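Turn these sequences into a full structure, and let the hints steer you where they fit.
Residue numbers (the working numbering), protein chains in the order written: chain A, 4 to 176; chain B, 25 to 327.
Bear in mind the hints are in silico, worked out from the structure with no lab data behind them.
None of these values were measured; they are calculated from a predicted model.
Incorrect hints may appear among the rest.
Claimed, not checked - The calculated DMTMM-like cross-link candidates involving lysine to aspartate or glutamate, where the alpha carbons are at most 25 Å apart (straight line), are:
1) A/K132 / B/E108
2) A/K143 / A/E69
3) A/K125 / B/E106
4) A/K132 / B/E106
5) A/K97 / A/E46
6) A/K97 / A/E69
7) A/K132 / B/E140
8) B/K110 / A/E46
9) A/K97 / B/D89
10) A/K133 / A/E112
11) B/K139 / A/E130
12) A/K125 / B/E140
13) A/K132 / B/D132
Stated by the list, open to error - These stretches of chain A come out as covered by chain B in the derived footprint (C-beta under 8 Å, 3 or more residues):
14) 53–65
15) 120–131
Think of the CB as a built atom: it goes at the ideal place given N, C-alpha and C, for glycine as much as any other residue.
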Amino acid sequence: MMKLMGILLVLGAGGAMGIMQSYRMRTKVREIRSVIQVLSSLESQIVYAQVLLGEAFSQGAVSANEMSVKRFFCCIGDELSANRRCSVTEAFAKARRELGGRMAIGVEEWNVLAFLSENLGKSNIAEMKKQMALAIEHLKSRECIALEQASRKEKLAIYLGICGALFIVLICV
Amino acid sequence: MEKDYVLIEDVFPFLPQVWGRAIERVCDEKKYQLSEVRLRVGRAICLRYGLEEVSLPDYVVTGEDLEQIVSALCHYSCYAMERELKAGYITIRGGHRIGLAGQAVVVDGKVRLLKEISSIVIRIAREVIGAADALLPYVYNDGQIVSTLIVAPPYAGKTTVLRDLVRQLSDGGEKHHGVQVGVADERSEIAGMDNGQMSLSVGGRTDVIDGASKAEAMMMLIRAMSPAVIATDELGRKEDFVAVEEAVHAGIAVIATLHGRNWQDVAYRMGRTRDAVLSIFGRVVFLTNQPRMGTIREVVSRP
Chain A
4 MMKLMGILLV LGAGGAMGIM QSYRMRTKVR EIRSVIQVLS SLESQIVYAQ VLLGEAFSQG
64 AVSANEMSVK RFFCCIGDEL SANRRCSVTE AFAKARRELG GRMAIGVEEW NVLAFLSENL
124 GKSNIAEMKK QMALAIEHLK SRECIALEQA SRKEKLAIYL GICGALFIVL ICV
Chain B
25 MEKDYVLIED VFPFLPQVWG RAIERVCDEK KYQLSEVRLR VGRAICLRYG LEEVSLPDYV
85 VTGEDLEQIV SALCHYSCYA MERELKAGYI TIRGGHRIGL AGQAVVVDGK VRLLKEISSI
145 VIRIAREVIG AADALLPYVY NDGQIVSTLI VAPPYAGKTT VLRDLVRQLS DGGEKHHGVQ
205 VGVADERSEI AGMDNGQMSL SVGGRTDVID GASKAEAMMM LIRAMSPAVI ATDELGRKED
265 FVAVEEAVHA GIAVIATLHG RNWQDVAYRM GRTRDAVLSI FGRVVFLTNQ PRMGTIREVV
325 SRP
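Spelled out as structure tokens, the structure:
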């Protein structure tokens, strides 16, 4: 009886790990999409409303569907509005340190955002428009890749989890 | 001497902390309040107290320092300050004007922006309640407010006097009722507007149009706010004088300031003779900074 329960537990854990991995892949796609939405909104705030970056980030965050993305951009906006000595790069780094671990987006997407943060607010509107368009373009291509990876590897991750668990069970039994 | 909260709250947040502490130390030793901070690449920080200058040789300004200060002044949103950067100045909360000098990028014969900023001057705006006490009697004639032109060279306290005059006209006093005052504040120096709020006292019956050109703001005030008095700082362009004439002919008293020392300067800058100037402004008041800022040197009235 105990053995059976142990087998079920290992199989369940392996399956759950696979499901979690596939869920993370789907979340990554949703988060990238959400970041693109925020950046589009941020672009409007900068180009048309010409509001300061602190407020622009907070306003832009509202358009995010994913709560993790919303919290991340709100954190940058709050930091910029509250601290007059804080640059965008510093605010971005702080938000990533505090909230980045809870997000599913990968290193490449973080690099796109980090590059944008280094250039944001440093030049005129025309230049800002170019920078934002470039970042959105990059993220769109990353979204396509993430989507393709998710559809390809989603089932694979679940099967791999279950198979891995089965392998452990067979070795142990 | 008491802590200078104007500096601590409005100016120091934009400067490196060590500079703020060094400036504060010098301020504590001086009797006068700081009126200006000059930062030039490769030079020591230069402070101005009234007419006296003090430099801090231990603190040499670098290009990176200035870049960082300008970014902070723009709240890291240079795109939102494009117009100001093009014009060469930024006004921060409290009405302090930050003048910039550097390499101008010229497109189609017009300055598009300033880059590689090499000098910054921070002019500290001080609210001096009562600065216009001596001038106030000259602004009234038989209980009526007369259009008045305040003429003075730089550092003579034109803006400080004008701000206090606006406050006194707006609030009224024992001898006079308060009136509706419109302020055309192109550089945000008179009222120090910050997020739609006045950071300096300009009276309870004062409406401010902030950021628009003086001529445009005056016309907007005439059309929209029906003021009894319009106040504006540093007339200079031809269209400013046209707008002043328009206001005067609409029955509105105009209180304005002009850079200059004497009648020659006034006639040259306005492109009008002395009599023509006096037909627009009932009073022309010349200020001097001797023995102190805001001292009345001469008052000329319409005959």
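Tested hints:
1. A/K132 / B/E108: Distance of about 20 Å is within 25 Å: holds.
2. A/K143 / A/E69: 17 Å, holds
3. A/K125 / B/E106: 11 Å, holds
4. A/K132 / B/E106: Distance of about 14 Å is within 25 Å: holds.
5. A/K97 / A/E46: Between A/K97 and A/E46 the Cα gap is close to 22 Å, so the pair holds against 25 Å.
6. A/K97 / A/E69: 20 Å, holds
7. A/K132 / B/E140: Given that 25 Å is the threshold and the Cα spacing comes to 22 Å, the pair holds.
8. B/K110 / A/E46: 22 Å, holds
9. A/K97 / B/D89: 23 Å, holds
10. A/K133 / A/E112: 18 Å, holds
11. B/K139 / A/E130: 14 Å, holds
12. A/K125 / B/E140: 12 Å, holds
13. A/K132 / B/D132: Distance of about 22 Å is within 25 Å: holds.
14. 53–65: holds (count 6)
15. 120–131: holds (count 8)
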